[in-house]
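Visitor: Starting from the known structure of chain A, fit chain B onto it as the hints suggest.
Residue strings, one per chain:
Number of protein chains: 2
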Amino acid sequence: MSSQALNVAIVGATGAVGQEFLQVLDERQFPIAELKLLASARSAGKTTTFKGKTYTVEELTKDSFKNVDLALFSAGGSISKKFAPIAVESGAVVVDNSSAFRMADGIPLVVPEVNPEAVKEAGIKIGNPGVGIIANPNCSTIIMLMAVNPLHKVAGVKRMVVSTYQAASGAGAAAMAELEQQSREVLEGKPVTMDIFPFQYAFNLFSHNSDMKPNGYNQEELKMVHETHKIWNQVNGDQTAITTTCVRVPVMRAHAESINLEFEKSITEEEAIAALEGAAGVSLINDREANRFPTPLDASFKDDCYVGRVRRDISRSDNKGLDLFVCGDQIRKGAALNAVQIAELLV
Amino acid sequence: MSSQALNVAIVGATGAVGQEFLQVLDERQFPIAELKLLASARSAGKTTTFKGKTYTVEELTKDSFKNVDLALFSAGGSISKKFAPIAVESGAVVVDNSSAFRMADGIPLVVPEVNPEAVKEAGIKIGNPGVGIIANPNCSTIIMLMAVNPLHKVAGVKRMVVSTYQAASGAGAAAMAELEQQSREVLEGKPVTMDIFPFQYAFNLFSHNSDMKPNGYNQEELKMVHETHKIWNQVNGDQTAITTTCVRVPVMRAHAESINLEFEKSITEEEAIAALEGAAGVSLINDREANRFPTPLDASFKDDCYVGRVRRDISRSDNKGLDLFVCGDQIRKGAALNAVQIAELLV
Chain A
1 MSSQALNVAI
11 VGATGAVGQE
21 FLQVLDERQF
31 PIAELKLLAS
41 ARSAGKTTTF
51 KGKTYTVEEL
61 TKDSFKNVDL
71 ALFSAGGSIS
81 KKFAPIAVES
91 GAVVVDNSSA
101 FRMADGIPLV
111 VPEVNPEAVK
121 EAGIKIGNPG
131 VGIIANPNCS
141 TIIMLMAVNP
151 LHKVAGVKRM
161 VVSTYQAASG
171 AGAAAMAELE
181 QQSREVLEGK
191 PVTMDIFPFQ
201 YAFNLFSHNS
211 DMKPNGYNQE
221 ELKMVHETHK
231 IWNQVNGDQT
241 AITTTCVRVP
251 VMRAHAESIN
261 LEFEKSITEE
271 EAIAALEGAA
281 GVSLINDREA
291 NRFPTPLDAS
301 FKDDCYVGRV
311 RRDISRSDNK
321 GLDLFVCGDQ
331 IRKGAALNAV
341 QIAELLV
Chain B
1 MSSQALNVAI
11 VGATGAVGQE
21 FLQVLDERQF
31 PIAELKLLAS
41 ARSAGKTTTF
51 KGKTYTVEEL
61 TKDSFKNVDL
71 ALFSAGGSIS
81 KKFAPIAVES
91 GAVVVDNSSA
101 FRMADGIPLV
111 VPEVNPEAVK
121 EAGIKIGNPG
131 VGIIANPNCS
141 TIIMLMAVNP
151 LHKVAGVKRM
161 VVSTYQAASG
171 AGAAAMAELE
181 QQSREVLEGK
191 PVTMDIFPFQ
201 YAFNLFSHNS
211 DMKPNGYNQE
221 ELKMVHETHK
231 IWNQVNGDQT
241 AITTTCVRVP
251 VMRAHAESIN
261 LEFEKSITEE
271 EAIAALEGAA
281 GVSLINDREA
291 NRFPTPLDAS
301 FKDDCYVGRV
311 RRDISRSDNK
321 GLDLFVCGDQ
331 IRKGAALNAV
341 QIAELLV
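Protein chains in written order, with full-length UniProt numbering: chain A, 1 to 347; chain B, 1 to 347.
In isolation and in its complexed conformation, chain A is listed as follows (with noise of 0.2 Å):
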């Protein structure tokens, strides 16, 4: 089949990450043979361009999935769960950025610039009827494994200390309409509109809004945790402790993370940047003189994630420790272009 082109469903078509799709589909030159666009009831009837075509958007149903090659589903965890095995069924291939099926057994969960192999080790292609569900990981997930995978594989990943500063994306179209409208009320002096979060966002930041677990980490945390654990094979092996702290900051896009790493095997600034240097989709910006680093906005609409700050740990004594910082685009790398860069690699 590899040459050939597939039979594409989108689920989710009319959200942020589902219209993301369609620009990373496009721009990427994705081979379609046939596009669908599958949504709620709600949003049926919708119209969206793609390659100059107008596509009407689709009520999603059990019977949405017929002659469909690749299915990417980005519709929230509940449609995953129940339309995800359909599509398979029917013989698709589905790409899920939802958590539903990311912990689950026996379905990879791939970052492709990190374990591209677990696609093909866990029988998946297309037109393989029956077996068929890739996860796309959480984006503060991947956007730190970018970073920090080129660094595991020369000197391995003992610890991780990690926070974050995520932006409204991760929380939807919503949540960026909510920070745009509350920096105007706060700027003209009115109160402020919350119906997302809980607390004020604009000019703020607070702890991740996902749901707490009872040792004091929420899901969020969690998920950059066992996620990695998991695409780094670490699942019944040696694990690599990672302790993290997710903070949502009033940025519209991208997220950035604080890494502080603890390695197995020494590691210079020098061996580590070049390692940085040689690792697709992966920018340096680390201009100590210039006092120029990434930024969100540096990596916002880009594929790339954007690394700097790569500096010896000086709370260490060895060559064991390295701090460093990574902006990542959390629409794209952090969830459309690495679903798509997942289909890629069954074609």
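Just so you know, the hints here were simulated from the structure itself, not pulled from any lab data.
No copy labels: a pair is met if it fits in one copy or bridges any two.
List time: in silico DSSO-like cross-link candidates among lysine-lysine, alpha-carbon distance up to 27 Å:
1. K265 with K320
2. K265 with K158
3. K320 with K213
4. K190 with K302
5. K36 with K125
6. K320 with K158
7. K213 with K265
8. K81 with K213
Guide: Relative to chain A, chain B alone:
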């Protein structure tokens, strides 16, 4: 002298911290006999009201400190370097908010809740001419230690990994105005005005703008490390290992910090929370069920530092690791309040 009112001079009286000095002195009913407001020639002649009385700002000169008992400086390092020794020669005690003397031998660096004894040990008291500069630590150091010191006393901090989320106020009133102006411009779709920072600040964030050192840490980060060692009196002994990443976020006046702690001894979450509950100047906001933790807006215009996200570090198998999050008002506890509290140690 203990119950006697003092002749007080404010150096940098028209700045953001200078104005906050007046606010805090008023609120805390600091015993003032005569008040003198000093600033550059440019600001001389301006008037300010204090306790219902109007004061005219005078130009700072070498003769400004006659009969002054206490001088609170916040006019930048070069002004402090030049005029603080003159003030001391004239018989005043100086509490200096700049970084000019913080690391100097014999100059106490004080957070009153942490090391109040350092003032007496240095032989500094009102009416003891010739010995008399006390340094106010960096805002990020103060806010960090407010959260960490109560735990350090219980279990001894062996290593800290800190990432900051720093407000505009740390770069002065002009930076706060630039954040506001840029936010308006972004919302109106206009190009942003960049006078203070070389990056867009609105809806963005960036590595702290202080000088970058050859080891890849910026000055702000190294202040947090070295000042902590001095405040904890670890200059000649075993030092707590500390690595810091300082980031400027689009928030107005309260800093936040994500702190990972490794302890010498075991400490449970319950013990940590008890220690924080009993700590002066600390308030807990640590409600897991409601997902309610400190935000910069909680801390803005408040004296206390707000601590939350207190949890056992899951990257460790023992009870020697904790993560937490702190927010503190950069202008109050990070600067003016801490300085006035130092002054209160003298009366």
